[in-house]
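2 protein chains.
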Amino acid sequence: MNIILLSGGSGKRLWPLSNDIRSKQFIKIFKKPNTDASASPNANNPAGQKAAAFADDTYESMLQRVYRQIKAADPEATVTLATGKSQVSAIHNQLGEGVGISVEPCRRDTFPAIALATAYLHDVKGIPADEAVVVCPVDPYVDEGYFAALHQLWELAQQGTANLVLMGIHPTYPSEKYGYIIPETKDTVAKVSTFKEKPDAATARQYIDQGGLWNGGVFAYKISYVLERARQLLAYTDYADLFSRYDTLTKISFDYAVVEHEPDIAVMRFTGEWKDLGTWNTLTEAMEENVLGDARLNETCRNVHVLNELGIPILAMGLQDVVIAASSEGILVADKEQSSYIKPFVDAIDQQVMFAEKSWGQYQVLDAEENSMTIKVTLNSGHRMNYHSHDKRDEVWTVVSGKGRTIVDGMEQPVKAGDVITMAAGCKHTVIADTKLQLIEVQLGNDISVNDKHKYELEI
Amino acid sequence: MNIILLSGGSGKRLWPLSNDIRSKQFIKIFKKPNTDASASPNANNPAGQKAAAFADDTYESMLQRVYRQIKAADPEATVTLATGKSQVSAIHNQLGEGVGISVEPCRRDTFPAIALATAYLHDVKGIPADEAVVVCPVDPYVDEGYFAALHQLWELAQQGTANLVLMGIHPTYPSEKYGYIIPETKDTVAKVSTFKEKPDAATARQYIDQGGLWNGGVFAYKISYVLERARQLLAYTDYADLFSRYDTLTKISFDYAVVEHEPDIAVMRFTGEWKDLGTWNTLTEAMEENVLGDARLNETCRNVHVLNELGIPILAMGLQDVVIAASSEGILVADKEQSSYIKPFVDAIDQQVMFAEKSWGQYQVLDAEENSMTIKVTLNSGHRMNYHSHDKRDEVWTVVSGKGRTIVDGMEQPVKAGDVITMAAGCKHTVIADTKLQLIEVQLGNDISVNDKHKYELEI
Numbered sequence: 001m002n003i004i005l006l007s008g009g010s011g012k013r014l015w016p017l018s019n020d021i022r023s024k025q026f027i028k029i030f031k032k033p034n035t036d037a038s039a040s041p042n043a044n045n046p047a048g049q050k051a052a053a054f055a056d057d058t059y060e061s062m063l064q065r066v067y068r069q070i071k072a073a074d075p076e077a078t079v080t081l082a083t084g085k086s087q088v089s090a091i092h093n094q095l096g097e098g099v100g101i102s103v104e105p106c107r108r109d110t111f112p113a114i115a116l117a118t119a120y121l122h123d124v125k126g127i128p129a130d131e132a133v134v135v136c137p138v139d140p141y142v143d144e145g146y147f148a149a150l151h152q153l154w155e156l157a158q159q160g161t162a163n164l165v166l167m168g169i170h171p172t173y174p175s176e177k178y179g180y181i182i183p184e185t186k187d188t189v190a191k192v193s194t195f196k197e198k199p200d201a202a203t204a205r206q207y208i209d210q211g212g213l214w215n216g217g218v219f220a221y222k223i224s225y226v227l228e229r230a231r232q233l234l235a236y237t238d239y240a241d242l243f244s245r246y247d248t249l250t251k252i253s254f255d256y257a258v259v260e261h262e263p264d265i266a267v268m269r270f271t272g273e274w275k276d277l278g279t280w281n282t283l284t285e286a287m288e289e290n291v292l293g294d295a296r297l298n299e300t301c302r303n304v305h306v307l308n309e310l311g312i313p314i315l316a317m318g319l320q321d322v323v324i325a326a327s328s329e330g331i332l333v334a335d336k337e338q339s340s341y342i343k344p345f346v347d348a349i350d351q352q353v354m355f356a357e358k359s360w361g362q363y364q365v366l367d368a369e370e371n372s373m374t375i376k377v378t379l380n381s382g383h384r385m386n387y388h389s390h391d392k393r394d395e396v397w398t399v400v401s402g403k404g405r406t407i408v409d410g411m412e413q414p415v416k417a418g419d420v421i422t423m424a425a426g427c428k429h430t431v432i433a434d435t436k437l438q439l440i441e442v443q444l445g446n447d448i449s450v451n452d453k454h455k456y457e458l459e460i
Numbered sequence: 001m002n003i004i005l006l007s008g009g010s011g012k013r014l015w016p017l018s019n020d021i022r023s024k025q026f027i028k029i030f031k032k033p034n035t036d037a038s039a040s041p042n043a044n045n046p047a048g049q050k051a052a053a054f055a056d057d058t059y060e061s062m063l064q065r066v067y068r069q070i071k072a073a074d075p076e077a078t079v080t081l082a083t084g085k086s087q088v089s090a091i092h093n094q095l096g097e098g099v100g101i102s103v104e105p106c107r108r109d110t111f112p113a114i115a116l117a118t119a120y121l122h123d124v125k126g127i128p129a130d131e132a133v134v135v136c137p138v139d140p141y142v143d144e145g146y147f148a149a150l151h152q153l154w155e156l157a158q159q160g161t162a163n164l165v166l167m168g169i170h171p172t173y174p175s176e177k178y179g180y181i182i183p184e185t186k187d188t189v190a191k192v193s194t195f196k197e198k199p200d201a202a203t204a205r206q207y208i209d210q211g212g213l214w215n216g217g218v219f220a221y222k223i224s225y226v227l228e229r230a231r232q233l234l235a236y237t238d239y240a241d242l243f244s245r246y247d248t249l250t251k252i253s254f255d256y257a258v259v260e261h262e263p264d265i266a267v268m269r270f271t272g273e274w275k276d277l278g279t280w281n282t283l284t285e286a287m288e289e290n291v292l293g294d295a296r297l298n299e300t301c302r303n304v305h306v307l308n309e310l311g312i313p314i315l316a317m318g319l320q321d322v323v324i325a326a327s328s329e330g331i332l333v334a335d336k337e338q339s340s341y342i343k344p345f346v347d348a349i350d351q352q353v354m355f356a357e358k359s360w361g362q363y364q365v366l367d368a369e370e371n372s373m374t375i376k377v378t379l380n381s382g383h384r385m386n387y388h389s390h391d392k393r394d395e396v397w398t399v400v401s402g403k404g405r406t407i408v409d410g411m412e413q414p415v416k417a418g419d420v421i422t423m424a425a426g427c428k429h430t431v432i433a434d435t436k437l438q439l440i441e442v443q444l445g446n447d448i449s450v451n452d453k454h455k456y457e458l459e460i
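The listed protein sequences derive, respectively, from chains A and B.
Sequential numbering from 1 applies to the first sequence in this note's numbering.
Sequential numbering from 1 applies to the second sequence in this note's numbering.
Chain A on its own, in the form it takes in the complex (with noise of 0.2 angstroms):
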């Protein structure tokens, strides 16, 4: 089976969990299968033990979950990650170097990102034309059933079912939330009538009276299919035309570009579990445990979720029907009805980002002032960060753990807990990770930026 999990999208629902540059889908918030339940805190125990924190290695996130469903139900998959630059740092560190990306240069909406990604799969990765490809979005809360789904709907697509095959989800109630689709039977496969857009309940209704489906973004198609669009919409040549071009693309959707100019399409209907966790209220039912970091909830707690990224404790008292999270970007808490209302309040606080996850490692804000900055910085072993300088700024870094090589200038040298390198704006520098190596910056001048920053090759 050929896979492309569509990874967008910058989150801000998820608030103070995910941001600009961490999406919802890379939180690790599941407890991985087959992890010692013996370890769990009672959450009730003023004195117990405090939760496993977050970076433990016993919780997982949406991609790594979704990734491990896949593998774990197809070994042989080729799984393509279709996503802009920004997460491909944080892709590789949750999911290895190994795995696929094809990176969008820019945002050009879904039709020029699935074309991409498509020719990737057929002129980089060498997967011939006439194989399908299913197109699934990275982040649906799903069991194995679902991934069988995905594979019967691969086999459609690879024996020429329709052009387009769809997964419709077998709707729960009726939701205002998506779009549906109309088979024409209620047979498990069927051809498919018409879609309709997000309805009101009422309407929503008759919808799954008529066998309504919901649309949740997952289809499959022959490879040949969807490069012969992109040939007449995009005049697609090969994988590097597209890419170099691919600022010059139209914005345009796959369901403008292909679905509604498409006759031949079918739905097969999907009945397992299916969730979109998409807001804090949909997310804690997914969680198996009310407390994730360290935290305390007192007897008079009912349904209350506490999800802690900050190395202080928190403690709930008398709360119902509430979710607080915290992070080094900021602490919500909602009444969990309330809290999808969350994105224009997030929109509203122009913040800086406090905690990156890169391909290297992580880096935190620890303080920032007015002219300086402190930073902890954590690089995982055997990696290290690119070669830069900055114009504006001097930094000081101080080892706090670990062993690694320190480059300066061209010079490099030995480093280890306790040894402190000083670089003036302008000089060239970077840290390579033999162990696991952990340094406190700081930043020194009158106009911080991340933009501030130069790269440059380095030969070692």
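Read the hints as simulated data drawn from the structure, not as lab findings.
Where hints are given, some of them may not hold.
One copy or two, either will do: identical chains are not told apart, so a pair holds if it fits within one copy or between any two.
Straight-line C-alpha distance at most 30 angstroms; calculated DSBU-like pairs for lysine-lysine [said to hold, decoys possible]:
(1) 177 <-> 196
(2) 12 <-> 85
(3) 71 <-> 403
(4) 403 <-> 428
(5) 177 <-> 343
(6) 358 <-> 198
(7) 436 <-> 403
(8) 416 <-> 392
(9) 416 <-> 428
(10) 416 <-> 453
(11) 428 <-> 251
(12) 177 <-> 358
(13) 251 <-> 186
(14) 436 <-> 392
(15) 198 <-> 32
(16) 191 <-> 222
(17) 251 <-> 32
(18) 358 <-> 125
(19) 455 <-> 125
(20) 436 <-> 222
Mind docking chain B on chain A? Use the hints.
Structure of chain B alone, referenced to chain A:
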């Protein structure tokens, strides 16, 4: 007027803003009078400016408020704080170096503490033995009328109305939290008939019908009176002797040692505003604004108070009757009624102190790892740390703002933003702030502890 302010207690009931070394009276939560109200943010406006930070000069602590009120009511008042060693730095930081402090070498209950402070007034400050003194807790929330009443109380004692003159607070409801004073008559000043322990509500109602008054722990006496009792009970000869023998004194309360044996006690009825801000519930009632620090409440929040000392925003949505308090010690989210049951939960949180006010400024823990701690140190202009060394840790200072001088193993050198100073274990060091000075301190070692500290004299 001579006044002794009793500044006690570690106060975990207002966690996380109060802790083992920061008592509730030091938290800056009250808006100073005559500060610009137009700068006040609209907490319900998501696009509104963030509220003033705690560090802002427009806020004052309970201690600062009561001290300012005393000085406004009587600019000539001699104010002495009776307190333990751990509060001396914070008191000097908040009130300046000029305030009188009677430091208890250890905790020995209220009679030794009051005797020591009275001896301090007489023997150190030179107040004549026939002058009266008023004793008052540091943390009532009161207006000007209270201080006028304190002055009347002082005059009554000065005139010899009785050996002890108590303030009796006119009860506003049949509280079970206070002891009651039953006067012989309902006159403004009356002889005390008897004292009653904290009653149940029905009994409290009976006391109030009899003209009973709350005992708020406020009383006045002539210095000679308490010194005479100290002579009898503690073999007092002078302040220095009492101070040096303080740890050998028996723990005994002022009530038990003095009040219960004294037939000549008067009480003065006080009918003005008086609040005991001992819990989040009562404290938030006294706040002028719902938000202190960076927080936004959406329009569905009702009776929500947020006190945020952290440098990151808090967003509250759809909450009712909730207090949110956040500091570098932790985060409390509590139903206001429930918040009064906080103590056992806080006792169970085994935590290092993350923030402290010192006589020279303050420090804040930014990060704690197994073998390192990162701390932000702020020195007030003209102040310096103790000259000290550590056995088991190295330290690195990176100055991030301001100017000053470091002394390391006797060597003095000027420092400014960007300078880095490394200090190996065993090395003696201090920093002197010529302007307000901030530095990032990285501590490195296998056994980092606040107790690993040797202090030295420094001649400068």
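Hint by hint, here is what the structure shows:
1. 177 <-> 196: within (12 angstroms within a copy, 65 angstroms between copies)
2. 12 <-> 85: within (18 angstroms within a copy, 48 angstroms between copies)
3. 71 <-> 403: neither (34 angstroms within a copy, 59 angstroms between copies)
4. 403 <-> 428: For residue 403 and residue 428, both the intra-copy (20 angstroms) and inter-copy (28 angstroms) Cα distances are at most 30 angstroms.
5. 177 <-> 343: Intra 16 angstroms, inter 45 angstroms, cutoff 30 angstroms: intra-copy only.
6. 358 <-> 198: For residue 358 and residue 198, the Cα distance exceeds 30 angstroms both inside one copy (37 angstroms) and across copies (60 angstroms).
7. 436 <-> 403: Within. Shortest intra-copy distance 7 angstroms satisfies the 30 angstroms Cα cut-off; inter-copy 36 angstroms does not.
8. 416 <-> 392: Cα proximity of residue 416 and residue 392: in one copy and across copies (27 angstroms, 18 angstroms).
9. 416 <-> 428: Both ways: residue 416 and residue 428 sit 20 angstroms apart in one copy and 24 angstroms across, limit 30 angstroms.
10. 416 <-> 453: both (25 angstroms within a copy, 25 angstroms between copies)
11. 428 <-> 251: neither (39 angstroms within a copy, 65 angstroms between copies)
12. 177 <-> 358: neither (33 angstroms within a copy, 55 angstroms between copies)
13. 251 <-> 186: Neither way: residue 251 and residue 186 sit 35 angstroms apart in one copy and 84 angstroms across, limit 30 angstroms.
14. 436 <-> 392: both (29 angstroms within a copy, 24 angstroms between copies)
15. 198 <-> 32: Result: close neither inside a copy nor across copies, 34 angstroms intra and 53 angstroms inter.
16. 191 <-> 222: within (17 angstroms within a copy, 99 angstroms between copies)
17. 251 <-> 32: Answer is neither; intra-copy 38 angstroms and inter-copy 56 angstroms both fail.
18. 358 <-> 125: within (25 angstroms within a copy, 63 angstroms between copies)
19. 455 <-> 125: Within one copy only: 29 angstroms inside a chain, 67 angstroms across chains, cut-off 30 angstroms.
20. 436 <-> 222: neither (44 angstroms within a copy, 68 angstroms between copies)
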